[in-house]
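Turn these sequences into a full structure, and let the hints guide you.
Chains as they are written, first to last, in numbering that gives the first Met the number 0: chain A, 0 to 176; chain B, 0 to 211.
Any given hint might turn out to be false.
[To be verified] DSSO-like, lysine-lysine: derived pairs with alpha carbons at most 27 Å apart: (1) A/K123 with B/K109; (2) B/K75 with B/K51; (3) B/K17 with A/K61; (4) B/K75 with A/K123; (5) B/K98 with B/K75; (6) A/K61 with B/K109; (7) B/K109 with A/K110; (8) B/K28 with A/K29; (9) A/K29 with B/K75; (10) A/K123 with B/K17; (11) B/K98 with A/K29; (12) A/K29 with B/K109; (13) B/K111 with A/K110; (14) A/K29 with A/K110; (15) B/K51 with B/K98; (16) A/K110 with B/K75; (17) A/K61 with A/K110; (18) B/K28 with A/K123.
Calculated directly from the structure, the hints in this document are not laboratory data. Since we're looking at a predicted model, the values are computed, not measured.
Spelled out from the first residue to the last, the chains are:
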Amino acid sequence: MANPKDRTYTRLRGRSPFLTRLANAASLWKSEDGLVLATQTAYTESYQHFRFDDLQGILIVKTRRQLWYMLIYGLFGLLGLFLAVVWEYTRMLGWIFFGAAMIAHMLNWLKGETCATYLRTAVKLQEVSCLSRLPVATAAAAEIDGWVQERQGTLRLDQLAAASTALSPSRGQGAAP
Amino acid sequence: MGFLQTPLAMVAPLTCPKCGAPLSSYIVKGPCPGCRREIEAHAYPALLSPPKIGNLPERIDDEQDVATCFHHPDKKAVAVCDHSGIFLCGLCDIPMGGKHFSPQALAQLKAKGQLPQLVQSRTRWDSICMSLAILGFVPPVLPYFFWITAPATIYLVIRHWNSPPSMVNPPRWRLRFIFALIFATLQLTIILIVLWVIFDRILNGPGPSAQE
Chain A
0 MANPKDRTYT
10 RLRGRSPFLT
20 RLANAASLWK
30 SEDGLVLATQ
40 TAYTESYQHF
50 RFDDLQGILI
60 VKTRRQLWYM
70 LIYGLFGLLG
80 LFLAVVWEYT
90 RMLGWIFFGA
100 AMIAHMLNWL
110 KGETCATYLR
120 TAVKLQEVSC
130 LSRLPVATAA
140 AAEIDGWVQE
150 RQGTLRLDQL
160 AAASTALSPS
170 RGQGAAP
Chain B
0 MGFLQTPLAM
10 VAPLTCPKCG
20 APLSSYIVKG
30 PCPGCRREIE
40 AHAYPALLSP
50 PKIGNLPERI
60 DDEQDVATCF
70 HHPDKKAVAV
80 CDHSGIFLCG
90 LCDIPMGGKH
100 FSPQALAQLK
110 AKGQLPQLVQ
120 SRTRWDSICM
130 SLAILGFVPP
140 VLPYFFWITA
150 PATIYLVIRH
160 WNSPPSMVNP
170 PRWRLRFIFA
180 LIFATLQLTI
190 ILIVLWVIFD
200 RILNGPGPSA
210 QE
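Below you can see the structure in the form of structure tokens.
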């Protein structure tokens with residue numbers, strides 16, 4: 000019997016959004032036969048296993064969270080600027096506030112667009128909260144594509160077409176964008 | 000790009016995770032027909048494969064010279080349990096990670112946490128110890144309660160030194176235990192110094208400078 004300590008896990012890039020991380024800090028790890036989604040809630044770490052053989056797909060949905068963050072940081076920045084300009088005795092505090100808001104704003108912009116990423120198996124659709132930025136999620140999905148292809152092979156067009164015909168003859172009439 | 004850029008509408012059960020609308024248009028990277036959110040989809044061959052059906056046990060009709068299942072003597076053995084070594088029929092055989100297990104062996108290994116594929120959660124004793132050790136340095140706790148938190152930290156570190164660690168990140172786990180132990184020892188040292196000074200004053204009275 001293999002000792003579980005011998006198993007090695009490699010962490011994939013990506014962290015949960017700050018507010019989510021306070022409650023549930025998620026991280027995605029690659030093991031020899033699949034992915035492990037580790038979620039730490041208070042002092043318990045729970046694991047969800049996704050074997051490469053069972054993965055049916057990855058869905059990445061763009062969200063507007065980045066815009067909301069920009070708006071909030073912008074409002075904080077304006078508040079800081081207001082405090083710095085209007086009153087003499089809050090000048091220093093105002094500039095500190097403004098500077099912090101601008102740094103947060105810039106980091107938010109540099110991290111890229113926000114998204115929600117889902118791993119799909121036959122029985123589950125699981126959101127992966129640590130893949131919440133589009134550049135990171137896209138890179139992770141590309142990596143996972145390679146690992147899944149090693150196990151499952153490639154999905155061919157004719158396979159899809161045959162499945163489509165079998166599932167619903169009326170579908171598949173549209174045109175590609 | 001590794002994934003296939005094909006019309007996912009052909010795959011019937013694929014739906015938008017946000018609104019639940021079936022991805023009825025040709026989407027690989029495009030808007031959801033329901034909520035108009037941008038979706039990028041990566042599809043794999045498992046999407047089209049039929050559900051896996053377990054093996055059925057094969058009954059032995061007559062006096063054949065074949066190995067039989069340990070639990071079902073009238074069924075033909077198809078595998079050997081990698082944990083207990085018993086013969087298993089198609090019904091008892093549970094393949095996992097390239098190995099075969101009997102249901103009893105699987106339950107036993109799961110209870111012991113020896114099959115990483117079946118581990119669902121673990122308590123992060125390293126985080127508990129670290130939090131307790133750091134709490135001892137927080138101002139309201141420092142003067143009043145750290146004589147409780149420091150011994151409690153040391154007790155928990157010793158008690159859980161060999162408990163199952165974080166499954167994905169074990170090296171960091173031991174390091175955090177060591178840091179918690181150092182912090183707690185530091186706090187205990189402070190307690191001992193303070194006690195020593197107090198008892199010294201009680202037994203020997205105030206120092207020469209105070210007497211002057």
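Taking the hints in turn, this is what the structure says about them:
1. A/K123 with B/K109: holds (22 Å)
2. B/K75 with B/K51: At roughly 21 Å apart (the allowed maximum being 27 Å), B/K51 and B/K75 satisfy the hint.
3. B/K17 with A/K61: Given that 27 Å is the threshold and the Cα spacing comes to 10 Å, the pair holds.
4. B/K75 with A/K123: Judged against 27 Å, a Cα distance of about 34 Å means the pair is violated.
5. B/K98 with B/K75: holds (19 Å)
6. A/K61 with B/K109: violated (38 Å)
7. B/K109 with A/K110: violated (40 Å)
8. B/K28 with A/K29: holds (25 Å)
9. A/K29 with B/K75: Violated: A/K29 and B/K75 sit about 38 Å apart, past 27 Å.
10. A/K123 with B/K17: holds (15 Å)
11. B/K98 with A/K29: Holds, at roughly 20 Å.
12. A/K29 with B/K109: Judged against 27 Å, a Cα distance of about 21 Å means the pair holds.
13. B/K111 with A/K110: violated (42 Å)
14. A/K29 with A/K110: Cα-Cα ~23 Å, so holds.
15. B/K51 with B/K98: holds (17 Å)
16. A/K110 with B/K75: violated (59 Å)
17. A/K61 with A/K110: Measuring from Cα to Cα gives roughly 14 Å; hence the hint holds.
18. B/K28 with A/K123: holds (22 Å)
Violated hints, in rising order: 4, 6, 7, 9, 13 and 16; the structure is consistent with all others.
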